[in-house]
Amino acid sequence: MADLSIDFAGIKSPNPFWLASAPPTNTGEQIMRAFDAGWGGAVWKTLGDPIMNVSSRFGAVDLGTYKMMGLNNIELISDRPLEVNLKEIYEVKKRYPKHVVIASLMTETKDDWRVLIKRAEDAGADGLELNFGCPHGMCERGMGSSVGQEPKLITEITSWTKEFARTPVLVKLTPNTGDISEAGLAAVAGRADGLSLINTIKSIIGIDLDRMVVLPRVGDGSTNGGYCGPAVKPIAMHMVAALAREAGITVPISGIGGISNWRDAAEFIALGSTSVQVCTAVMHHGYRIVEDMIEGLSEFLDQRGMKSVNELRGAAIQSYKEWGELDLGYKIVARIDDQTCIGCQVCVTACNDGAHQCIFTGDEEKQRPPHAHAHGPAKPPRPFPVGLIAGARVPWIDEPECVGCNLCQLVCPVPGCISMVEVAGENPHETWNDRTRDGRTKLPGGIHD
Amino acid sequence: MGTLASSLAEGRAEERLPDKKPLLTRAEAHAEAERCLYCTDAPCIQACPTTIDIPTFIKKIASGNVRGSARTILEQNLLGYSCSRVCPVEELCAGSCVYEGWGREPIQIGRLQRFATEQALGEQGLRALYTPKPRNGRKVACIGAGPASLAFAGTLALEGVEAVLFEKRAVPGGLNATGIAPYKLPAKEAVREVEWVLELGVRIEHAHVGEGGKRGAELLADYDAVFVGVGLGEDSRLGVPGEDGPGVVGAVDWIEQMKLDPKANGPLGRVVVVGGGNTAIDVARECAQLGATEVAMVYRRGRDAMSGYAHELEGARKEGVRLVEQATPVAFLRDPAGKLVGVRLARTEGGKPVAGSEYEIPCDLAVLAIGQAKLRAIAAEFPGVELDARGCVVVDEATRRTKNPKVFAGGDCVNGGTEVVNAVAEGRDAARFLIAEWSK
Ligand SMILES: Cc1cc2nc3c(=O)[nH]c(=O)nc-3n(C[C@H](O)[C@H](O)[C@H](O)COP(=O)(O)OP(=O)(O)OC[C@H]3O[C@@H](n4cnc5c(N)ncnc54)[C@H](O)[C@@H]3O)c2cc1C
Ligand SMILES: Cc1cc2nc3c(=O)[nH]c(=O)nc-3n(C[C@H](O)[C@H](O)[C@H](O)COP(=O)(O)O)c2cc1C
Ligand code: SF4
Ligand code: SF4
Ligand code: SF4
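Sequence order for the protein chains is G and R. Number 483 in our numbering belongs to position 135 of the first sequence; there are no gaps in the numbering. Number 71 in our numbering belongs to position 21 of the second sequence; there are no gaps in the numbering.
So here's chain R without its partners, still in its complex pose:
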């Protein structure tokens, strides 16, 4: 374990949440790998945003060539280790496995990928398999040290490019470290993977890029290219009475503290989670697993309209989370001392509150998981970089280049918030484009 990972404080709440899909044993991995049919033009590959050659890496596990298997994974996805643990495989590769249509259990692609990468990289990290080329004089800067930037920086570092990550948070890794449900990937493991990338020669500087910090103009002057991988911003608020004050928190903020701050490890009482996406489900499951006395998820539409994955909702239900459909908070209720005591809900129709339908439920904590703001300010740092109507950075699909030819962007700040694996694909593609450009 490197110094970054061991610098995480002890006694954080996330340490109480055990791994839900532990590392397969060699025997389990072998048995599962043998089941793969080695499909032609395999649908699982097509469903992977980084197009990992899944049957090939699986067959290498079956033959005992675990290092080769990891190479097959990492050559497409340098963050193949964290992806193996955080990818919603039920919706991606495994969800399109031919076994699914046959009515049989799909291949456990994520767990096999974890087996291969974890076994092959172990304590040595990416250096166990890769030696970066000697420096070629090119330099790139990345804003943010999340999955998009890490994939970009790592891919270029292997080719001899000097890459520097500018990260405003103390803990690098982006949402992989600060946001992912701990029973999938604890922060320590996310940071360990960051260290593997740093060991390829990537540097990290703790600095905010923008007003009052490191300026875009400086980066443009000092580097051959800049990659914007800033992700998303603050949790959105509802704008209803009683919302401001203790006890009503944003989901991403709450998760970050639960994962990283030992002070945020107290008992949980009755929790209301507002929202119907995966972040809402994550918070609800985390609270339930941490021993909250009651967890209710309040969603303004019906279950079918939820953007959260069915398999995640199913998991939440099994953990005792109650789903309140067709309802929305219209006020938060506080006692005279200002302590949160409940929430007033209204039934909804078409997502809108129906007058006169209000009722109250008691709660000690309300977590808002209704979206995140866009980090619009970053665009202003770079002349020419444009945002679309949603506030997402506009790039060319193939090259990931913004309207400023020196500036590239990828990950949540471009796609509006998808998965880690999409961020990796986008960072990688920008890097591949530059490698091709610079070798012309």
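Isolated chain G (complex conformation):
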């Protein structure tokens, strides 16, 4: 079994799976249940001066019958008295000394930060996470994302906290910014020991069209909320990767955003995360999901012959390049497996209306569209594919016209039915940057031709 334990800026955790600061980490009782289920750490629901919450608080987008593809919330930081939270932190750390408890903090003045940090550390927190990310409510009061959007403020407040902190300081970044690297570098400039990202994305989740009120409805109105869950994962991954390959970012990263299973976690780790944090998936399915995360990740590492999760960290980073560094000579085309095709022809419409008009049906030659590159009609394969399931409804690819965009494979409902196979391309193996260096960037048919 591969070793899943990690060291995050000196904080030792039995595994990389932490709960993000959110409702699943509201109370000590919950966090102890989570540790029993297998979570390695928890970032406590953000502490500060208690606030008041509204009812209702959450909204979601579903994708078909899959619920909560994206979740949006308008709740604020912890609404419980600080003293109660601190007592519970003390209790949890006493009972679970090997598990990680990080106190998420948010307040305003330097003196507030000093007192809050001292009290959290006295209670036994292993580390601190500065919430510079909340994009609703708290930012209207000059906290949360209103700090995270101002690199200067990030550096300033981070360095205050470093004056007082004895434990590692993580800065939690907001994605609601133009350049995440700038924010990350600002935190490092303030001597942050680690970065957590992303917090939620500013959003409006929907409208109650009967009442003409924004959701989640609070009486006759609502406010913009923070968006998270599986829908935000690609955005979060890009931001994590952007920091991971930034030379000035020398501190560990805690990846957050849409992580629901071990695969998601493995992807974040491969993009440079040391730990990962989860909120929505736990709100949806409970603490129990960690069992599969631990098992799945260990199995994966074992299969890849990796002794420790540390070997996975950043493994995919070198493959994340500028567009200009991509191989222009690489060529793939779609292939349909007639044995598993069910004949829905969803790929036919997708390619015809949304790609390159090169999937056909029937055993006759087909007229190519007038803009086709190849000459003459498209020729069906011989023998004509008669599928196991779909008979003569199995479509075929006009390979000379296929640009290898993947669309048909993406829409095909049958896993593995359409594969993208490498073929000899017409272009030489070179990159756009190569062409730029040689001054060969002008292609025929330009603006001035």
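Do not take every clue at face value.
So, partial list: chain G residues that the calculated Cβ filter (under 7 Å) puts toward chain R [stated by the list, open to error]:
{"no.": "1", "residue": "G412"}
{"no.": "2", "residue": "C692"}
{"no.": "3", "residue": "V696"}
{"no.": "4", "residue": "I737"}
Some chain G residues near chain R, calculated using beta-carbon distances under 8 Å [what the hints assert, rightly or not]:
{"no.": "5", "residue": "Q687"}
{"no.": "6", "residue": "Q693"}
{"no.": "7", "residue": "V694"}
{"no.": "8", "residue": "T697"}
{"no.": "9", "residue": "R741"}
{"no.": "10", "residue": "L758"}
{"no.": "11", "residue": "P761"}
Chain R regions said to be covered by chain G (calculated; three or more residues, Cβ under 8 Å) [as the list claims (entries may be wrong)]:
{"no.": "12", "stretch": "262–272"}
{"no.": "13", "stretch": "357–368"}
Treat the hints as calculated values from the structure; they're not laboratory data. From the three backbone atoms N, C-alpha and C, an ideal C-beta is built for every residue, glycine too.
We have chain G; now place chain R with the ligands onto it with these hints.
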């Protein structure tokens, strides 16, 4: 509920047979609709005799556009509501759903169609979605008020044509009201759908067309076109000793009474059903569900030769119906008072009785489901209208026109007896042809 539907007497046997495929809840419909793949050139559409754009209506359910979904259905099939409940979808649309080949449950197209039409039409009926065009002076007569005529009349009424249905039975709707298994569609619901068509401006006159009633010549004189949608006739008889007398009844006749006549709601003893088609299976299932002590289906060939659908036979078996293959009645047995007590069967080979193989089984009721006669007399009412060798009215496939240019025909009397949805397609096509003709 309109007056026609509420005029059905209480205490009919069919009221004891609960719906086997109840209306889906909104949540169920949504979940099922989301499964549809939205196929291109979808095989389910091709398998629907009225070519309803199935993926489109299903996607509209998924998006919450239920009225639009119903429009998509009804624009091809005005009787989309009853079809959703009576169509053998396992053999038609759902049977060709791509999921079937994939080894997964096909989309429950019938139940989704019912959801859309029932939700959208509700108490208001077709008027909830359609307003007929003002009258244009054209008039058509339909013989029979079954699905074929209703589709014909309704389609034309929407275009401003005055349509009159001549129906010999007190209850309109054809076999939809008098013949369909109640656990699919009870008579009340069939009649409700007739009322929706009538609300488009269609009139109904209770009259037999033929000798002793309204004559074809009158219709030809009074109307611009006549549509023949008379369906099929009397149940066929076996012609064996003991058949005439109480206790041996025709299937369609028996079903009609079970559905409509409160007097035909007594206890059922041991029942023998003769035949291997869907009508035979329907009767057997109905008897079983109504509490018959025993139900045996006697069929003269093997199971594989049965024209009844496999899924229906499977349902019958689950309800306790016993199938007696390779046998045929050679006599019905009666006690001295004339009461039916049993049936003498002979084993068959190639469908024919084998001499010396006879045996007897007791029964209190024998139902003959071995086919229906053709209503040949109707052709004689209209000069030029021809029948084929089977007794079916001859029409042009595309236009549904008979050899008399003013007379059109569709449904069971043309196709020899298929499904409601075929009757609807044929009535609709005749109407569409006339609409095109008259707008030239
Ligand atoms: C027992 C049984 C069960 C069935 N179950 C199903 C099923 O589950 N699903 C399915 O899709 N199909 C089913 N069918 C078939 C379906 O009912 C028919 O295909 C369909 O009803 C045919 O419609 P139609 O309009 O041609 O004729 P019909 O429905 O038979 O209507 C003809 C109408 O014309 C009237 N009429 C006849 N002669 C005259 C006259 N001279 N003057 C005035 N009126 C006249 C009759 O009274 C009747 O109302 C079943 C059939 C039977 C017999
Ligand atoms: C209801 C709710 C409340 C949250 N509260 C906090 C909070 O108090 N402090 C914080 O730093 N992040 C908070 N978050 C953000 C999460 O910690 C996390 O960054 C975000 O949900 C993305 O992760 P996910 O996609 O796994 O949910 C909250 C999220 C939700 C859904
Ligand atoms: S290849 Fe896939 S998308 Fe295309 S018809 Fe076959 S199953 Fe459908
Ligand atoms: S990869 Fe793109 S271009 Fe090629 S067949 Fe598929 S959809 Fe068409
Ligand atoms: S075949 Fe099945 S999945 Fe495809 S459109 Fe029809 S109902 Fe939907």
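- Which numbered hints fail: Per hint list: 5, 10, 12, 13 violated.
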